[in-house]
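Novice: Respectively, the protein sequence lines represent chains A and B. With our numbering, letter number 47 in the first sequence gets 101, and the count goes up by one each step, no holes. With our numbering, letter number 198 in the second sequence gets 186, and the count goes up by one each step, no holes.
Rather than coming from a laboratory, the hints here were simulated on the basis of the structure. A virtual CB, placed ideally from N, CA and C, is assigned to each residue, including glycine. You may find that some hints are simply not true.
[To be verified] Each pair of labels, with its calculated beta carbon distance range:
no.	chain 1	residue 1	chain 2	residue 2	range
1	B	THR14	A	PHE201	20 to 28 Å
2	B	SER169	A	LEU190	49 to 57 Å
3	A	VAL80	B	SER19	35 to 43 Å
4	B	SER169	A	ALA140	43 to 51 Å
5	A	LEU183	B	THR14	29 to 37 Å
6	B	LYS192	A	ALA140	44 to 52 Å
7	A	ALA176	B	SER19	38 to 46 Å
8	A	LEU183	B	GLU218	16 to 24 Å
[Said to hold, decoys possible] Only pairs whose alpha carbons sit at most 25 Å apart, straight line, appear in this in silico DMTMM-like list of lysine to aspartate or glutamate:
no.	chain 1	residue 1	chain 2	residue 2
9	A	LYS174	B	GLU209
10	B	LYS192	A	ASP171
11	B	LYS100	B	GLU225
12	B	LYS100	B	GLU218
13	B	LYS158	A	GLU91
14	B	LYS29	A	GLU91
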Amino acid sequence: MNSLHKKYQPFITLLCRLLLGGVLLVAGGLKAFKPSEMAGAIAAYKILPANLSHLIGYALPWLEIALGILLIIGLTTRLAAVAGTAVMIIFIAAIISVWARGILIDCGCFGGGGEVDPSKAAEARRAYLMEILRDLGLALSGIYLYFFPYGRLSIEKPLQNIEEQ
Amino acid sequence: MAKQAKATKSSGGDNFTRWLVIGMVTLVVASGAIFSVVGEKSKANESFAILSDFKAGPTVVSTVDDANGAGITFNNGAAKTVDIWEDPQCPVCNTFEQANGEFVEDLVRAKKAKVVYHVLSFLGNESVSAANAAYCAADEARYLDFHKAMYLVQPVLENSGFYSTENLIKIGSYAGLTSQSFIDCVTKGSKLDKVRAAYESMGKYNVQGTPTVFFNGKLWERKNNAFLLEEFAAAFEAS
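Whole structure, please, built from the sequences with the hints as guidance.
Specialist: In structure tokens form, the structure reads like this:
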């Protein structure tokens, strides 16, 4: 098992990097050029005061893009993975928070966002569950990358590997 | 696992890379955010362009009827009554406004009916700010113009920062509201008690959503969602 993992670890790391990085990059890219939409989406969570949620609406997509690129090219993977995991955990907490408070919104994860018509309550709740599971999977990818940051097709290489070569 | 962890720690150059990357990420995020803020500002200016040829009409005095959910009341004492319940951020209210706004404005200006505007604010903070500004405009006898200008620039998204104090004052300036008293009223939120009273009266009048219209206290049961002027006018005549 252990040797099997050792054999495939560089590929799993690559897969996790592309998964977490890819989702972050796409999510950030779709939102970065619609900042007012993003600001409205964050305001709909009703967690932060209006001004702060607008500010985060402007900054968050760019953070996602930056982390996504770092993960995909494999530069400071561990650091980017920690930050990416933190972002995912915040998303999970925010969705649980709106779910628990009975607020019906579109998460605005990939753009859009805002309140959902009450007639679509069941769909919105199902979406919450899927979003939590998705973000949980991405957070787990991030945690894996924390422990095994070095894999295939990565700019940074562990020193030991370089010495071995 | 242990091997990989050790490899990072033993490298001195890695520390430099780390700080370099943190610095670059911060730079990207900061410049991206600034770019977005600037973009939003210019977009707001674009939507104000609609108002460049906006002509404010003569002033019309209104009263605030505290007994009737703090409604902004025109032509008190006229035979027919029209009660209109709206939220400044509600997109369907804008549809209603574009279809029937002129008709209602004529009812007010030509004193054909008593018209009561109930400015609601259940769509969030920016509805509260906008409703407050609407009451401020009513104080200066310019509710009609402010209300019209506000719906013309209504943003597609709710609570996205558009109905800021700054922008509400700017909307006012197009509607002939340039006095210091209006600016102070918007800035200080002087009318928030009226805004709250209007919001709290929804239950009393059994108003479930916006826009809702009552003719002589009787709910207008519209037949379609386009708020056709013919249907609205006919319902008014029949009332």
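Novice: All hints, please: hold or fail.
Specialist: These are the hints, each one checked on the structure:
{"no.": "1", "hint": "B:THR14 - A:PHE201: 20 to 28 Å", "verdict": "holds, 26 Å"}
{"no.": "2", "hint": "B:SER169 - A:LEU190: 49 to 57 Å", "verdict": "holds, 55 Å"}
{"no.": "3", "hint": "A:VAL80 - B:SER19: 35 to 43 Å", "verdict": "violated, 21 Å"}
{"no.": "4", "hint": "B:SER169 - A:ALA140: 43 to 51 Å", "verdict": "holds, 49 Å"}
{"no.": "5", "hint": "A:LEU183 - B:THR14: 29 to 37 Å", "verdict": "holds, 34 Å"}
{"no.": "6", "hint": "B:LYS192 - A:ALA140: 44 to 52 Å", "verdict": "holds, 47 Å"}
{"no.": "7", "hint": "A:ALA176 - B:SER19: 38 to 46 Å", "verdict": "holds, 42 Å"}
{"no.": "8", "hint": "A:LEU183 - B:GLU218: 16 to 24 Å", "verdict": "violated, 47 Å"}
{"no.": "9", "hint": "A:LYS174 - B:GLU209", "verdict": "holds, 24 Å"}
{"no.": "10", "hint": "B:LYS192 - A:ASP171", "verdict": "holds, 24 Å"}
{"no.": "11", "hint": "B:LYS100 - B:GLU225", "verdict": "holds, 11 Å"}
{"no.": "12", "hint": "B:LYS100 - B:GLU218", "verdict": "holds, 17 Å"}
{"no.": "13", "hint": "B:LYS158 - A:GLU91", "verdict": "holds, 22 Å"}
{"no.": "14", "hint": "B:LYS29 - A:GLU91", "verdict": "holds, 14 Å"}
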